[in-house]
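Undergrad: Let the hints inform the model, and build the full structure from the sequences given.
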Amino acid sequence: MIVRAPGKLVLSGAYAVLEGAPALVAAVDRYVLADPARPAALVTEEVQAAIDAGALDAAAWFDASALRSAAPEPPLASPGAPPREASRKLGLGSSAAILVATLAARAAAVLEARAAPGGQGAPAWDPRALFLDALAAHRRAQGGGSGVDVAASVYGGVLCCRLGPGGELDVAPHALPGGLVIEVFASDASARTSAMLERVRALAAREPEAHRALLGAAAEGARAAIEAADACTLVAALDRQVDALAELGDRSGAPIVTPALRRLRPAAAAEGAAIAPSGAGGGDVSLFVGGAPPSTAWLAAAREAGLERVPMSLGAPGVHVLDAAPPLPA
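If you're matching positions, the sequence shown starts at 1 in this note's numbering and goes up one per residue.
By construction, these hints were calculated from the structure, which means they are not laboratory data.
Do not take every clue at face value.
[Unchecked claim] With a Cα cut of at most 25 Å, we get these calculated SDA-like pairs of lysine to any residue:
1) 89 with 63
2) 89 with 188
3) 89 with 253
4) 89 with 48
5) 89 with 308
TA: As structure tokens, this is what we get:
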């Protein structure tokens with residue numbers, strides 16, 4: 001039995017979601033595969049946290065390669081230099097997807113062992129219970145966080161997520177405006193989300209008024225994105241957030257909006273589009289959002305800036321058992 005859980009893209013509400021603003025997150029058709037019949041080759045911190053909490057009896061083998069991108073070879077490797085990784089993370093929420101896939105795979109395996117033959121198509125787990133177990137373990141391992149990536153992996157689709165005062169995460173399906181085009185681009189730069197958040201928290205302690213004002217501006221853009229009824233209005237709402245996040249990054253020393261994105265923003269605006277970081281920013285993946293696909297000229301400028309288009313579709317289904325298991329790597 002193979003279970004797969006999708007990765008995610010944060011479309012709107014990054015950082016501001018931690019202050020109670022709504023966030024838009026979409027599951028993507030790139031998945032973590034988990035097989036409870038195979039021994040785990042690696043136990044992630046999140047999976048270990050679930051085991052420690054009693055939510056998981058054991059780890060499972062998983063393959064998260066679909067949530068990574070091939071790393072370009074350096075032009076000339078120096079003698080004695082350590083080998084480069086064959087791939088790099090894309091910032092698609094792999095840690096959450098690994099955790100969700102593992103929890104679901106182990107639950108399905110237990111139920112399969114107890115059940116009589118037949119009954120295919122019946123739910124193998126309670127999605128709400130799965131979500132709460134994954135959310136608790138993910139936050140324990142990462143020292144907090146909104147949990148929107150966990151929601152996307154469990155429920156799939158496009159979601160509006162709001163963090164409550166007690167830390168509860170309200171999750172509801174959300175319909176994006178018609179005619180919206182979203183293209184995903186990967187960067188050769190990457191940043192650790194926890195490190196970015198740490199710098200932003202340091203700004204909050206050092207300059208609380210500036211931090212509050214900038215997150216307030218980002219939250220206004222996040223609320224406008226939820227209410228947007230057309231692509232043009234959503235683009236404007238994203239641009240407002242990027243303005244605020246760029247200044248937040250400048251003040252905190254966190255490269256939320258990278259130099260490459262700053263250079264590409266005017267050209268995107270000329271095409272009626274926004275170019276925005278997905279999630280915490282700092283590299284990884286960025287989004288071109290508009291009413292039409294990017295022009296050939298814009299794509300050429302993006303390549304020159306070090307961005308590589310990564311094909312994927314938004315709104316993928318949440319964690320599920322594969323009807324026909326694909327061949328797995330040895």
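Undergrad: Next, verify each hint and record whether it holds.
TA: Right, here's what the structure says about each hint:
With a CA separation close to 13 Å, the supplied pair residue 89 and residue 63 stays within the 25 Å bound. In summary, the hint linking residue 89 to residue 188 is supported, as the alpha carbons are separated by about 10 Å, within the 25 Å threshold. Among the hinted pairs, residue 89 with residue 253 is consistent with the structure: their alpha-carbon atoms are about 22 Å apart, no more than 25 Å. The suggested pairing of residue 89 with residue 48 holds, with an alpha-carbon distance near 21 Å, which does not exceed 25 Å.
At roughly 13 Å between alpha-carbon atoms, residue 89 and residue 308 fall within 25 Å of each other, so this suggested pair holds.
The structure meets every hint from the earlier list without exception.
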